[in-house]
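All chains, full assembly: derive it from the sequences and hints.
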Amino acid sequence: MVNVIWAAMLVIGIVFAMFNGTMEEVNKAVFEGAKEAVTLCIGLISVLVFWLGMMKIAEEAGLLEKLSRLFKPLVSRLFPEVPGNHPAMGYILSNMMANLFGLGNAATPLGIKAMEEMKKLNGGKNEASRSMITFLAINTSSLTLIPTTVLSIRMNYGSANPTEIVGTTLVATICSTVGAIIIDRYFYYKRSRKRKG
Amino acid sequence: MGIVSLISLWFIPVLIGFILIYGTIKKVPAYEKFVDGGKEGIKIAVSLIPYLVGMLVAISVFRASGALDFFMELIRPALEAIGVPPEIAPLAIIRPISGSASLGIMSDIIATYGPDSFIGRLASTLQGSTDTTFYILTVYFGAVGIKKMGDALKVGLLADLVGITAAIVIVTLVFGGGS
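Protein sequences appear in the order of chains A and B. Residue numbering for the first sequence follows the numbering used here, beginning at 1318 and increasing consecutively. Residue numbering for the second sequence follows the numbering used here, beginning at 500 and increasing consecutively.
Bear in mind the hints are in silico, worked out from the structure with no lab data behind them. Note that the structure is predicted; figures quoted are calculated from it, not measured. Accuracy of the hints is not assured; some may be wrong.
[What the hints assert, rightly or not] Pairs of lysine-lysine residues, derived as BS3-like cross-links and limited to a Cα-Cα distance of at most 25 Å, are as follows:
#, chain 1, residue 1, chain 2, residue 2
1, B, 525, A, 1511
2, A, 1507, B, 646
3, B, 526, A, 1383
4, A, 1442, B, 646
5, B, 653, A, 1430
6, A, 1442, A, 1513
7, A, 1442, B, 647
8, B, 525, B, 538
9, A, 1430, A, 1383
10, A, 1442, A, 1511
This is the structure in structure tokens:
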């Protein structure tokens, strides 16, 4: 899907320029766009290095584990089909904590392990179980404390106060996660009613 | 709403202090681990370059040709009717589909309108508050061989919609509306 959108943007732009007489601007845009992207990535290094470094300390100190234990009662409630002492629960919790701290790279392998365990719980079927859909919904709504990349881009473009969006992001992400859980529940009850009736 | 700005201001320094104190108490070699983790940051930033080059060139061409203005005028009435600034529409559409693509669009919006403009703040909040539904769906279900996705896609996309709506409402409340 991205492939089509990407190619379409370029092709439509070029065709548009033919009729619009903006070929000169398009020529400039190709090289300026590329240059801008590289400059941006170099600028990203500063914040990413600092933040991933801090998070490594938190991980080694066992902060992630500790938080997992703290949130376990709440999370068990979200996944009624997963027994509390099952390895799936451990992976679900560590995935959520990694996401919370913006460790996307650490979160993905943990999420895949969680999926594997939930598939076992579901008898190895190739069908998504209730807990899998809940897990996915929470993951796609992205509960993140610090939007690292966004912060660094704001700094790059000379924001007077790059961190001013941390609070709004937190509120918005909490809304989307709560929304995801409610929507997920709604579809679950709709499914189970259909099965009964 | 002053409390939200206060949290924004204090959150990062307090978290850094807390992690360092906690790590030191737990006898973690803080500096060494910091360097370890930091190395990963360089890898991520460098691996982003091709994604961003591709996307920013495409957006620049699309905008420079005048096509973007043309399409924005077309959909403007519909978006304004439901309270979405049309400048944010491309980001809201791409966000669930591709993380790196939306990062490119967000940077472009911030470069065009400025990071401290209403549109710039909204784009920042939007980018940080939802994740790439299609990517997560593909990676997680693909990795363990789930073929029947059930309601997963519907739930994910509806949650994105909630996130986008929440971002618009909260940014308007905290930073004031208008563009």
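Is residue 1442 of chain A close enough to residue 1511 of chain A, meaning Cα to Cα at most 25 Å?
Since the Cα atoms of residue 1442 of chain A and residue 1511 of chain A sit roughly 21 Å apart, the hinted pair holds (cutoff 25 Å).
For the pair we were handed, residue 1430 of chain A and residue 1383 of chain A, check the Cα-Cα distance against 25 Å.
OK: residue 1430 of chain A and residue 1383 of chain A at ~20 Å, within 25 Å.
Need the status of pair residue 525 of chain B, residue 538 of chain B: alpha-carbon distance at most 25 Å?
holds, 23 Å
Under the criterion that the straight-line Cα-Cα distance not exceed 25 Å, is the pair residue 1442 of chain A, residue 1513 of chain A satisfied?
holds, 21 Å
Has the given pair, residue 653 of chain B with residue 1430 of chain A, been kept, meaning a C-alpha gap of at most 25 Å?
Satisfied, since the Cα-Cα distance of roughly 23 Å is no more than 25 Å.
Are the Cα positions of residue 1507 of chain A and residue 646 of chain B separated by 25 Å at most?
Since the Cα atoms of residue 1507 of chain A and residue 646 of chain B sit roughly 21 Å apart, the hinted pair holds (cutoff 25 Å).
Distance restraint between residue 526 of chain B and residue 1383 of chain A, which requires alpha-carbon spacing of 25 Å or less:
Distance of about 16 Å is within 25 Å: holds.
Hinted pair, alpha-carbon criterion (25 Å max): residue 1442 of chain A, residue 646 of chain B. Please report holds or violated.
Judged against 25 Å, a Cα distance of about 9 Å means the pair holds.
25 Å Cα cutoff - pair residue 1442 of chain A, residue 647 of chain B:
holds, 9 Å
Starting from residue 525 of chain B, check that the Cα of residue 1511 of chain A is at most 25 Å away, please.
Violated: residue 525 of chain B and residue 1511 of chain A sit about 53 Å apart, past 25 Å.
Against the hints set out earlier in the document, a violation occurs for number 1 only.
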